[in-house]
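*Asks:* Okay, here's what each chain looks like letter by letter:
2 protein chains.
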Amino acid sequence: MKSAVVNDHGHPQSVPAVMPTHPERGQEAGLETMCETIRRAIAAANLTPDDITAIGVATPGLMDIKAGLILDPPNLKPWKNVPVRDHIKSVFNKPTAYQNDANAAAYGEFWVGAAQEAKSMVLFTLGTGVGGGIIINDVIIEGEHSHGGELGHLRIDTPDRGRICGCGARGCLEAYASATNVVNRAREEMACWRGPTKLREYYTANDDVFTARVIFDLANGGDELAQKVVDDTAYYLALGACALIATVDPETVVFGGGMVAAGERFRALIEGHVKRLGLPFPTKSVKITFASLGSDAGFIGAAGCARLLVLPKPA
Amino acid sequence: MKSAVVNDHGHPQSVPAVMPTHPERGQEAGLETMCETIRRAIAAANLTPDDITAIGVATPGLMDIKAGLILDPPNLKPWKNVPVRDHIKSVFNKPTAYQNDANAAAYGEFWVGAAQEAKSMVLFTLGTGVGGGIIINDVIIEGEHSHGGELGHLRIDTPDRGRICGCGARGCLEAYASATNVVNRAREEMACWRGPTKLREYYTANDDVFTARVIFDLANGGDELAQKVVDDTAYYLALGACALIATVDPETVVFGGGMVAAGERFRALIEGHVKRLGLPFPTKSVKITFASLGSDAGFIGAAGCARLLVLPKPA
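Protein sequence lines, in the order shown, are assigned to chains L and C. The first sequence: position 165 = 165 (our numbering), numbered continuously. The second sequence: position 124 = 124 (our numbering), numbered continuously.
It is worth saying that the hints were derived from the structure and are not from the lab. Take these hints with a grain of salt, some might be off.
One copy or two, it doesn't matter: identical chains are merged, so the pair holds either way.
[Claimed, not checked] Straight-line Cα separation of at most 25 Å, DMTMM-like style, residue types lysine to aspartate or glutamate; simulated pairs: (1) Lys89 - Asp51; (2) Lys94 - Asp64; (3) Lys66 - Glu117; (4) Lys275 - Asp72; (5) Lys313 - Asp138; (6) Lys287 - Asp138; (7) Lys284 - Asp72; (8) Lys275 - Asp64.
All chains should be built: construct the whole structure from the sequences, respecting the hints.
*Replies:* If you want it as structure tokens, here you go:
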């Protein structure tokens with residue numbers, strides 16, 4: 001768990017307080033850790049709880065955003081129906097916003113990050129999985145069942161032929177473009193690659209160091225096979241972006257998470273594929289950019305959601 | 001062009017006035033025809049322009065919804081940058097809303113049609129092409145470039161293998177599920193079908209009568225090949241619905257247009273594929289339904305958009 005005090009301009013007021021979640025200790029302990037992380041963040045900013053206007057909390061799914069509940073996400077077993085929002089609200093006695101973590105990161109980038117000039121944006125967050133968030137005119141598309149912006153499960157290939165995703169289905173973007181699957185695809189490509197490639201050194205030496213980051217670095221260094229894997233990744237992400245262009249037609253599509261480190265060459269590859277494959281009229285003008293808030297996007301965005309609770313309504 | 005007076009409850013007050021568009025006569029003539037259609041609709045309802053509170057106009061794309069302009073849609077050549085909203089507004093001196101036609105149809109179904117109980121909905125409109133509209137909490141997702149809800153151009157197969165769409169790209173939903181392409185697929189299936197099928201009678205007798213409607217009717221009558229074509233259509237539409245479930249996670253997905261006539265068996269087929277192929281949590285609860293307003297959805301929805309202009313804002 002990570003917590004920080006963020007001011008009205010979206011600036012963190014100290015380094016974030018971080019504590020391990022330990023889901024196995026149960027949800028009561030988890031809620032207390034959450035509160036303690038918040039207290040430490042306030043202290044780290046040399047403030048007291050009285051100085052805090054509102055609190056924003058973001059968690060991974062499954063969740064019920066409107067009800068403020070963590071339901072029963074596989075990564076947080078044995079938690080079930082955890083009343084996150086109401087607990088935090090009653091402990092600190094502050095207006096408390098609750099949001100999905102990827103949605104919060106998207107809101108952070110929308111508010112003060114890469115898409116701060118945009119009226120609408122879509123974020124693809126690239127990590128162990130592929131997450132996402134959609135913001136239109138300051139409104140987060142939460143979805144009727146709190147599953148808005150589950151962009152890792154957009155299909156980019158057909159259910160009979162696509163790669164198998166962790167969700168059990170075939171063809172999901174996540175099965176191609178998550179960090180894990182970038183590595184998996186690199187393994188598969190190596191098996192039929194006849195030319196030289198530095199990728200083999202990492203693969204054979206120690207499987208633990210064979211990461212998406214290594215692949216991106218080797219690609220930037222000119223390794224041909226690594227470049228193929230990276231180019232394919234850009235193509236898959238572009239297909240995801242094209243689906244969003246045909247549905248919500250955003251002003252900006254932002255790519256965040258680990259792959260930002262892959263640099264401008266990777267961004268330009270995604271953009272090239274989008275311009276080639278997207279619906280021409282909206283695609284001509286859509287902006288393709290990297291996230292700018294790094295791993296702070298989530299708590300900055302959560303704070304931004306809290307800010308919306310107390311902001312005077314426009315006339 | 002079609003126009004009708006609609007009351008505050010979404011009920012048309014007479015049969016709609018209909019006039020041919022004649023785009024080839026130029027856009028000045030077109031705007032005058034539009035005004036005349038509105039005047040005839042008012043007269044048909046035994047009302048005078050003074051009785052009208054606001055006017056809603058919906059047109060096909062390409063358009064700039066915010067600016068109230070028809071840009072240069074291929075079906076309306078030689079029109080270019082036609083100031084529809086401002087013209088109607090100044091001629092009738094009424095608050096005037098402007099919207100994409102499929103978005104307006106979606107709003108009609110959302111307001112008083114098949115999704116009137118829903119807080120969020122997606123409409124797929126099935127005709128010569130496949131259109132769409134997305135409504136979330138009474139807000140139409142217009143898109144930054146007026147291309148929100150262009151659901152016919154969602155890809156359901158890959159750009160290298162998919163069917164070729166009228167837009168030039170491969171894999172668009174429209175290339176599979178539009179009325180035209182249902183017929184095209186039936187032709188292709190017939191070419192390799194060894195069993196009996198009544199489809200051949202229609203195909204050989206007169207190509208003009210070989211319509212999607214015929215295929216759906218024969219499927220309902222038990223023709224095996226027609227059923228395959230219809231089942232595949234349901235599958236393709238379900239893939240489109242799944243993409244919307246993973247992006248906006250709507251409460252209801254509505255299918256409108258000609259294929260509504262295919263009846264409950266077709267709806268149930270779509271639903272079955274969605275339940276099988278969609279992201280499990282939101283898909284469990286999503287409603288799959290047919291549109292209920294028929295070809296009135298567009299003008300009812302346009303009137304609904306006009307109503308939003310004059311409705312008191314919620315406190």
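*Asks:* Work down the list of hints and note, for each, if the structure agrees.
*Replies:* Hints, one by one, checked against the model:
1. Lys89 - Asp51: The answer is within: 15 Å in one copy meets 25 Å, while 51 Å across copies does not.
2. Lys94 - Asp64: within (20 Å within a copy, 43 Å between copies)
3. Lys66 - Glu117: between (28 Å within a copy, 18 Å between copies)
4. Lys275 - Asp72: Only across copies: Lys275 and Asp72 sit 21 Å apart there, 39 Å inside one copy, limit 25 Å.
5. Lys313 - Asp138: both (12 Å within a copy, 18 Å between copies)
6. Lys287 - Asp138: Classified as within: same-chain Cα gap 18 Å, cross-chain 27 Å, threshold 25 Å.
7. Lys284 - Asp72: between (42 Å within a copy, 16 Å between copies)
8. Lys275 - Asp64: between (36 Å within a copy, 20 Å between copies)
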